[in-house]
Amino acid sequence: MPGMQIRLDPWPVDTFDGQLTLTPFQGELIDVETPRWAAIAPRPIPQRLTRVYVVDGKQRMEARLHVTDDAGREGHAGFGAYVAGAVDLCPHGSRQAELLSVRARRVLAHAPDLGVSPLRLSPRHPQTGELSYALLATQPGGHPNAPLQAVQGAMLAHEQELSHGLASAVPFDDTDDREHLTALTIQDGTLRSQNLGGAVVGCVKTIQTLYLPTDRAQLLSELRPGERTPILHMRYDNNRVVRFIWYVRLCQAAFYQHPMSGVMRLEMYAPEDSDFLPPIVRQVANLSGELLCKLASQAHKDPRAPQNLIPTAALEQAMGRAMGSLDLVTRRIRSHLARELGVV
Amino acid sequence: MTQNLSLGGPLAPDLPERIGMVLGTEDATPTIFWFAVSSGASVQLDDLVVVETLKPNGQPVHFYGAVDNVRKRHEGVTFESDVEDIVAGVLPASVSYAARVLVTRVDPEDFIPPQPGDVVRHARGKALEMALSADKMEEAAFPAGLIADGQVLPLNFRFINGESGGHINISGISGVATKTSYALFLLHSIFRSGVMDRVAHKSGGRQAGSAGGKAIIFNVKGEDLLFLDKPNSKVVDRENKARHTKGLTADRYSLLGLPMSPFRDVQFLAPPRAAGVGGAIVPHVDQRAEGVTPFVFTLREFCLRRMLPYVFSDAAGSLNLGFVIGNIEEKLARLASDGTGAALLVSDWDPVQSEEVPDDVQFDALGKVSLQTFPQLISYLEYKLLEQNDGEGDSKWVLKQSPGTLRAFVRRLRGVQKHLTPLVRGDLSPQQADKYRPNLISGGFQMSVVDIHNLSGPAQMFVVGVLLRDLFEYKEKNGRQDTVFVVLDELNKYAPRDDSSPIKDVLLDIAERGRSLGIILIGAQQTASEVERRIVSNAAIRVVGRLDLAEAERPEYRFLPQSFRARAGILQPGTMLVSQPDIPNPVLVNYPFPAWATRGDEVGESGKPVIEEGEAWLN
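From first to last, the protein sequence lines are chains A and B. At position 106 of the first sequence the residue is numbered 105 (numbering that gives the first Met the number 0), and the sequence of numbers has no breaks. At position 273 of the second sequence the residue is numbered 272 (numbering that gives the first Met the number 0), and the sequence of numbers has no breaks.
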């Protein structure tokens, strides 16, 4: 009988989840790349891939509101802010990475039947800028969480547009060989439901669900940094979502960590039909090892290393800064109301 | 929005380009603030800038200041090793370029802080005048050098000539700090910029043209200053080079409005070479053959004009010795008062009683002994103090002092005998005495260079002490008309902090009362910490060249802000930090290569001065 084994989950306990939850998967997996289940070495990043975009988004509620309009209708509303941005970098390191369009948007999310107008909160000093809230209608139904969901939806839509707008197109049709992979978007987290056709690869930091059956999962522990598993065609058991997925190791697991530490799941949009593997998807999988090892963060700099990529962390910080201090925004909202009510 | 607001101020017409905005992540105070430099702009240390802020009532307040610190750093990243990720193109980051401003002036004097986001501009034109307080100086402004971008730093002459303040003090390491060069440049600027006349005109005083004012310079090192009246053959080359490397629009003399020409009306005085009785009097210089006048004091003058104390530079070490000196000084002055000629006649020296009588003692017709040389004078004093009356001495001379003190007195005199013998002579004809008597004031010369570098320490002290004392007494009688500038290096030797000496007393007199008498001390020293505090603190203008960094941290240099103290250690020759009362912070200036030769081999072709005058007279 084997002795008791204790291994650490690499992420600190105060993060929302551990890196490895490893819930078993109920859906369907098909080998699309090769039937041979073995590690695949990374390939060099092709020279013509000159732009990699790391895209992420963030949103927050700045105030929950109860609004009564001119007609006396009451409803939930909220001041919200969201931002989606990208880091534009060259995978060959030929230029410095830049932040793209990290600009916060502010919305007044309100029930669709309320008559409200956009708001502009002006500061006392002209140098500190004004806050401008555009209108955003929530889903009907008057659920108290509807404003938050609306803000989140707006953020996701914006992020999705940004991701696909920046990346090369991925045709699901093998007759079209004109498209080359020149621009790739790395999106933080799983892919959104709607595919807009760009070369967007989702990087899932945690392994909450272990999609592989036990006999195959052993390979994840054996991968060396940069190596990946073959690409699989995956269909969720709800039958709605299909993706290409593969696993990449970013760094060696320390002896005290779970052997799957440092492994990341990547996913790309897939057609329903499991026979066809678009060449661009294979290219992305081939270069993903080298690219992600380059972007992987260090444990002493980022508690969620290596999966929280260096550009992602920088982008998160920039987005937080773009939205500004919540305390100051709250104060501005209060002083606006104070002025409206004639208190000051 | 701020752009529009700032157009309302008095600086509105043709505003210089914006170079940055006041930072909000560091404290902005009325005396010091940081600003973020706009991308594409370049800001360096010593740049003069102006910021306009608006009070809540809409009234503008302007802050003028100098950049004393500039820095760049990556912002938005935490770790020092992040620079590698940034350069590798993985981590996005921006470079923050910020500059710190030390405010020199707030106008009007509403000491509110500037507002983060206020626009920062280079100070040019009227703003520059405000930043450097030139508007307060008006006609008293004269050029003290060029600031970093080639603009002229004005110095307020009223803080030099004694009206509002006086004296200049220069500190710096020998050799690299170029203290004497800068002192000479300031003299050149004072004499040739016309500032003396402008100030005199304004106050209704006498205008003497560019000949107004006199200068006395003590040459303590080499024969550097013996060619001030000769053009420098290298100046054109050097100035062309400087113009090129600094990107100036004209040579520095033109920018300063000064002629590129050597000093005029200069006399050179040098001590004579040692010679026997009746020997010829030849100046003791090596490089310059003509135009150097030797200077000698007659023995009778030595006694009559009470020069004895200046022989003892450390007399204050002993109270008794000081008493003896004072007594003998008095006796000698009385002896000398009824006589003529260069020698001192004494009637009460009975050489029979003397242990050793000099061979060359001469008797005059009345049997008086005529003292012709300094050693003879010492022998006479020895006789009067220790030998007369079987070793008791003359009681009126001894005045009950112990023989030990008297011996100390004589021993010290013997110690300096060798050094002073060539300078104090009794064997001169009245014509010689007149010719070789140093005349620093009433001769027709504007500048007198007194070469003392060949003299030994005690003789230097003697010459400097006697000449300054004479000058002081002359000015006490004749008042402050015709300011006299005294350039003296190595103040730490003449006015040390801890000891006292007759010369130090003279220098202290000059420092504390010279202002009102029209004697201005341009003093220099390696280390101000070793100079009498009152002399340094009386200087209205303080200048610092390259300093030893340990020295720069001493309290004497606290007038320099910390960042300037650190920079004082890396100043190059030809660059000085100038502090004046009108501007609360020191300003870094460079000044042109001397237009006068500083060595024999720099002398330009004789009779062909480089540029005789400014070009204005051609028109």
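The reader is advised that the hints may include incorrect statements.
[Stated by the list, open to error] Looking from chain B toward chain A, a few residues come up when the C-beta cut is under 8 Å (computed):
| id | residue |
| --- | --- |
| 1 | Ile85 |
| 2 | Gly88 |
| 3 | Asp469 |
| 4 | Tyr473 |
No lab work stands behind these hints: they were computed from the structure. Every residue, glycine too, gets a C-beta built ideally from N, C-alpha and C.
**Item:** Hint status (Cβ of B/Ile85 to nearest Cβ of chain A, threshold 8 Å)
**Value:** holds (6 Å)
**Prompt:** Hint check: is the beta carbon of B/Tyr473 less than 8 Å from a beta carbon of chain A?
**Reply:** violated (64 Å)
**Message:** Next item in the hint list is B/Asp469. Is there a CB on chain A closer than 8 Å to its CB?
**Reply:** Result: violated, 66 Å to nearest chain A Cβ.
**Request:** For the hint on B/Gly88, just tell me whether its beta-carbon gets within less than 8 Å of chain A.
**Result:** holds (4 Å)
When the structure is compared with the earlier hints, violations turn up for hints 3 and 4 and for no others.
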